[in-house]
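Visitor: Here is how the chains run, residue by residue.
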Amino acid sequence: MKLTKSFNRSLWVFHLNTGSCNGCEIEIVATITPRYDPERFGMKLVGSPKHADVLLVTGPVTKKMAQKVRRVYEQVPDPKLVMCIGTCGQSGGVFYDSYNLDGPIDQVLPVDVYVPGCPPRPEAIIFGVVKALEKLERLEAAQ
Amino acid sequence: MSGDNVKKSIPYTVPIGPVHPALKEPVMFTFQMEGEVVRSVDFAPGNTHRGIEWMGMRRNPVQIVHLTDRICGICGIVHSLSFARAVEQIAEIEVPPRADYIRTIMHEFERIQSHLLWAGVAAHELGFDSLFYLAWRVREQSMDLIENITGNRVNYAIVQIGGVRRDISDDQRPLIEQGLTYYRGLLDQMKNVFLNDSTIRMRCRDHGLLSYRDAQLLCAIGPTARASGVAMDVRHDYPYCAYGDLDVHPVLPPQEFGGPKGDVYDRIIVRLLEIAQSIDIIQQCLDTMPAGEILWEKKMPKLLLTLKKAQGEAIGRVEAPRGECMHYVRMDGNEAPATWKVKASSYSNLMSWIPMLKGEQLADIPIIVASIDPCMSCTDRVAVIQGGSAGFLTKEELTRLSQKKTRRLIQCR
Amino acid sequence: MSETPYRSPQEIIDLYKTEFGAGILDARITERGEGVHRKKGYNIWIRLDRELLKPAIKKLMDIRFPHFAVIAGNDLGDEIELLYILSVFYGTQFGEYMVTFGLRLPKSDLTVPTITDLIPGALLSEREKQEFFGITVTGIPDGRRLFLPDDFPQGVYPWRKDETGIKPEMVRELWAVNRPKDRPAPPVPEKKPVPGDPVAEGKEKKTGGASE
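So the protein lines, in turn, are chains A, B and C.
Per numbering that gives the first Met the number 0, the very first residue in the first sequence carries number 0; after that it's consecutive.
Per numbering that gives the first Met the number 0, the very first residue in the second sequence carries number 0; after that it's consecutive.
Per numbering that gives the first Met the number 0, the very first residue in the third sequence carries number 0; after that it's consecutive.
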């Protein structure tokens, strides 16, 4: 990852579970522990979508959660990024034919970064957030 | 003056969820409050219903084992293990003893990492963030060992119908023993930090009470029931895998802590003592592991043919970190099972939220809800309607309420 | 904690047969042993009539308070079979066994009495059976939907195998959503996997490799 000039951007992350098995959840929380320590990059997990820059979405979207996911997405202030963690949200994973799921996450929200894995390792999640950082800076430079 | 008193005692409703503070899974709660005190609670699960049992009835058992790994990420091996046990009973497959011992070792490792995960989450709800980070850092040691044996940190995929897929070689044994020594050294420190701390005692003692009779009537299981004095443990009562050869007793809160009272503090005690028990069990299994095969049948087509001819019904039951996990399977000669019913451990524990939360304060809700270790995840929005005006509390504010209460209690000492 | 003596599985079956006589349609014991010493665990399976369900559970509660696990269900064509799975004598080392009461309900009359007055913890399981099989539990204190969303169509019962089950158009194939269609052709012609038939698929792959 190359250090950019505007590294003063610290990304605050909000994590949203749309019905996953929790494997990706525990890997996300394991990422903020001192072993991987993303707080040296300024990343931290916040408790409200209104404070967040990046939305981390996990899980295949169940029918009950689809409406709520959209509402949470609308509360995140611009500029925002959506990251889809885990294969459930990308192609269904093991839940590839179910009657209660509303499809991969990109049918419900616009996704910017995909981090595949079941669950992805903490290093992969950090790599994904770094890619998100680069994309955000590209978006800002383009404006 | 009298007008103010009347306003304070008007009951109001607090809906919490599905994105919720104490848990990582979506569950919708509705609390009926009077002042700061909860009068009744109602919950609505179903946000993570993916139709797993219905999908399973269209796949063959080997494919279902991979599906069961992902029913819950925290309970890594329990669903696959109980499903495999049920199918092995139907098809009359004998599992080689070495595979039983390896299954037991992975089962206990999963229990250690699950209890450490819970200890961190509980500390976070109480306001001890440094304890949260410490507990999860310590958990990384067991994740490394699990990765060494199975190849992955979560979703082990080590159980196959008829045995296990990977063996524990002789060069892996010293690594495992090193990990166990590390945990043994840490255990006294952890007990000291959690159990001798007066603030944790103040927050947790006598909150979230579940009486013995309630635990029996509401079918509570696992550490939730054991903390209330009900001595049930599937490893002790109904032997499976290698537990028939070991001597495992259910862990109840010992007399030196006042005996079982059924509050949140007792559940912390039970889980910490279970970590110590798991370390001993793994050591015993490593010492007495028999040599031999690890799979009943290595060739997949032959295994599938046997399963296709199997007929009958059976129940597979194991002791997950949260309680008893049970699968009922019926096969009738087709490739896919005719019926598959999953009973996860939190399914039985959910009803115990109702008596536990009655009479408790708003700020205690996160720790009490998390104390039964629900295998669900929530994020949160809390809408508080007080006396006519509506306000919104976010997760941070609810957790901050809980943490402020801790600080208030420290100052009032 | 109670003073009732421990009973073996055969004794329990005999107790039931003497009390209920012809109401017990079938009773059997299965066993299994694991580990090096192959210590045995036992399960009891009893089939009864619907009217005997509550007396049978009450009798089990008198023997020793049971632990209620779950209600499982089977769709057998014209009948729906409900299995009440309980376990008794927990707390005794290697002495617990599961007791399963099976009852068959004809599809023309899908009602069953509630057991929440005996065991309140059975509420969630009964609600789940109501929405997944379409049975009516008489006397249930709270009959709302549990897992399915509120806008799920009424009259569709996911676990039934007849025409009220899940129809193919309700199933969403997530892997096929947005799948690109302009990929180059694979070297081995792709055989679409039929769910439930990996035996043929495994053999295909093997012969495909050997012929090269």
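If you're looking for bench data, these hints aren't it; they were derived computationally from the structure.
One or more of the hints may lead you astray.
What follows is a list of derived Cβ distance ranges for each label pair [what the hints assert, rightly or not]:
| no. | chain 1 | residue 1 | chain 2 | residue 2 | range |
| --- | --- | --- | --- | --- | --- |
| 1 | A | P115 | C | D181 | 49 to 57 Å |
| 2 | C | Q92 | B | D170 | 22 to 30 Å |
| 3 | B | T287 | C | P54 | 31 to 39 Å |
| 4 | B | T305 | C | K53 | 39 to 47 Å |
| 5 | C | K53 | B | S210 | 21 to 29 Å |
| 6 | C | L117 | B | T305 | 46 to 54 Å |
| 7 | B | N147 | C | D150 | 18 to 26 Å |
| 8 | A | R69 | B | G291 | 53 to 61 Å |
| 9 | B | S168 | A | E122 | 23 to 31 Å |
| 10 | A | E133 | B | E176 | 39 to 47 Å |
| 11 | C | D181 | B | G332 | 38 to 46 Å |
Glycine is no exception: its CB is placed at the ideal position from the N, C-alpha and C atoms.
Visitor: For each hint, tell me whether it holds in the structure or not.
Guide: How the hints compare with the structure:
1. A/P115 to C/D181: 49 to 57 Å: violated (21 Å)
2. C/Q92 to B/D170: 22 to 30 Å: violated (36 Å)
3. B/T287 to C/P54: 31 to 39 Å: violated (47 Å)
4. B/T305 to C/K53: 39 to 47 Å: holds (40 Å)
5. C/K53 to B/S210: 21 to 29 Å: holds (25 Å)
6. C/L117 to B/T305: 46 to 54 Å: violated (41 Å)
7. B/N147 to C/D150: 18 to 26 Å: violated (47 Å)
8. A/R69 to B/G291: 53 to 61 Å: holds (55 Å)
9. B/S168 to A/E122: 23 to 31 Å: At roughly 26 Å between Cβ atoms, A/E122 and B/S168 fall inside 23 to 31 Å, so the hint holds.
10. A/E133 to B/E176: 39 to 47 Å: holds (44 Å)
11. C/D181 to B/G332: 38 to 46 Å: With a Cβ separation near 43 Å, C/D181 and B/G332 satisfy 38 to 46 Å, so the hint holds.
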